[in-house]
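> Take a look at the letters that make up each chain.
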Amino acid sequence: MIVMKNVYKKYPNGVVAANGINIEIDPGEFVYVVGPSGAGKSTFIKMMYREETSTSGEIVINGVNLANLRNSQVPFLRRQIGVVFQDFKLLPKLNVYENVAFALEVIEESPKTIRKKVNDVLALVGLAQKSRMFPDELSGGEQQRVSIARSIVNSPKVVIADEPTGNLDPDTSWEIMRIFEQINARGTTIVMATHNREIVNTRRHRVIVVEGGLITRDEYEGEYSYES
Amino acid sequence: MKARTFGRHARESLKSLGRNSWMTFASTSAVTVTLLLVGAFIVIMMNLNQLADNIENDVEIKVVADPAADEAAVKELEEKVRSTAGVLEVVYSSRDDELNKMIQSFGDELSLYKQSNPLGDALYVKAKEPQKTAAIAKKIDTYDYTYEVVYGEGKVEKLFNVLNTSRNVGVVLILALLFTAMFLISNTIRITIVARKREIEIMKLVGATNSFVRIPFLLEGIWLGVLGAIIPMIVISVAYYNLHVYWAPRLQGELFQLLDTTPFIFQLNGLLLFMGVFIGAWGSFMSVRKFLRV
Chain A
953 MIVMKNVYKK YPNGVVAANG INIEIDPGEF VYVVGPSGAG KSTFIKMMYR EETSTSGEIV
1013 INGVNLANLR NSQVPFLRRQ IGVVFQDFKL LPKLNVYENV AFALEVIEES PKTIRKKVND
1073 VLALVGLAQK SRMFPDELSG GEQQRVSIAR SIVNSPKVVI ADEPTGNLDP DTSWEIMRIF
1133 EQINARGTTI VMATHNREIV NTRRHRVIVV EGGLITRDEY EGEYSYES
Chain B
118 MKARTFGRHA RESLKSLGRN SWMTFASTSA VTVTLLLVGA FIVIMMNLNQ LADNIENDVE
178 IKVVADPAAD EAAVKELEEK VRSTAGVLEV VYSSRDDELN KMIQSFGDEL SLYKQSNPLG
238 DALYVKAKEP QKTAAIAKKI DTYDYTYEVV YGEGKVEKLF NVLNTSRNVG VVLILALLFT
298 AMFLISNTIR ITIVARKREI EIMKLVGATN SFVRIPFLLE GIWLGVLGAI IPMIVISVAY
358 YNLHVYWAPR LQGELFQLLD TTPFIFQLNG LLLFMGVFIG AWGSFMSVRK FLRV
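Quick note, the sequences are listed as chains A and B, same order.
Going letter by letter, the first sequence gives residues 953 to 1180 in my numbering.
Going letter by letter, the second sequence gives residues 118 to 411 in my numbering.
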């Protein structure tokens, strides 16, 4: 599903964010990515949906080698990957329904398919009643649920979340975790970067620790801890 | 691209024109000014070209027969000229007619010469193709009984020189204006791109193709060009139509004739519209390429 071999990434300013990363993530896994800020977590995640390209090494997602991927093919890779951010990245002028539908409109789905998929996914995240509301009328947790709905509306095989609970209070964070586990239970691979110790230690899943551009620990049912 | 998608792009691009109304106004005005000048320039150039053509077509060779030649010899010369390759028509004018023409042009003093006419009979020769006038004139000059062979040597060349110089100056001016208009359009598009940064980011994340992201901006540029072309099209059409109504009857029979309004006005409008679209598309393309690395 996700394979990285000797992945090395050096930014133009000289910062080495990945210094030979090797990892393999199987379909249906739930993976936490932890580590101190600036350790290369974001780069590690961004390389998976080709927001960043590796300087050398091999990255294979769903059987596609990203090193050989032409720019024109990147959109088709992204359609197989859902991405969720700490700051939600919703469009303020669109309501809940439109924000989710947007993801299907830009890949030119038919209106009928869009209606069905959007309604299904809003029901899944528990926002069916609020589909006409605008982002600024929602709580942080609700906004994050919209963003999750958008990431999974196209039934991607992988959902990548970059600190999805970073802006949320503990109760809401649990709620978001519950939704991710629900999505995972349907067979979707989840890769989640997080700083939330409590969640990692309570909802036990595979833990990958990234420090200094390297994977320093990789444990199934691991705990949140790293040297620094 | 699906029709539904195109509709969406068209809506988005029109909305954005309204959102950045000041930039829309600025770049549309730039296109308007540019195209007004371009249009006026084309009207002038096309009509001057027409004049040059007319003059060129009007060039004839005057063959003066040797005054000593008798009637039979002149007749023989006329036949020979008439049978020369490339000659369209030959008009004979007797020595007396020639003298009368001179008297008309230069005054009665010359009527003294009526006693003893020093002129020769003349033949006015027109070539089938005006460009071959010089060659034909040279050929005729070799025939017997010719005294002098003249044609409008140099006049046409001079006119073309003037035309070319003015054309070059005009083209430089127009290019500078086109560049300004494109620059303004590309700035407008850049503002739109910046304003929609978040939307574009999300589009890219959820897998919109590059063309899907770019097309609304290209369309926006094209609208700017089209909007800018409307006023020049109307102004130039109306102005030329009225100019034609006023001047065409007064220029009857002159060498300089205005081009007919049809199809000229339609061709001109088509060209202006095309240039508007082109300026808009190109200006936008520059921005999209630079600021929209998708």
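Worth flagging that the hints you see were computed from the coordinates, not collected in a lab.
A hint or two may mislead.
Below, simulated SDA-like cross-link-like pairs (lysine to any residue); rule was C-alpha separation at most 25 angstroms, straight line [what the hints assert, rightly or not]:
1. B:K314 to A:N1047
2. A:K1068 to B:R125
3. A:K1045 to B:H126
4. B:K407 to B:L131
> Now, for every hint given, state plainly whether the structure supports it.
Hints, verified against the model:
{"no.": "1", "hint": "B:K314 to A:N1047", "result": "18 angstroms, holds"}
{"no.": "2", "hint": "A:K1068 to B:R125", "result": "20 angstroms, holds"}
{"no.": "3", "hint": "A:K1045 to B:H126", "result": "17 angstroms, holds"}
{"no.": "4", "hint": "B:K407 to B:L131", "result": "22 angstroms, holds"}
When the structure is compared with the earlier hints, no violation turns up for any of them.
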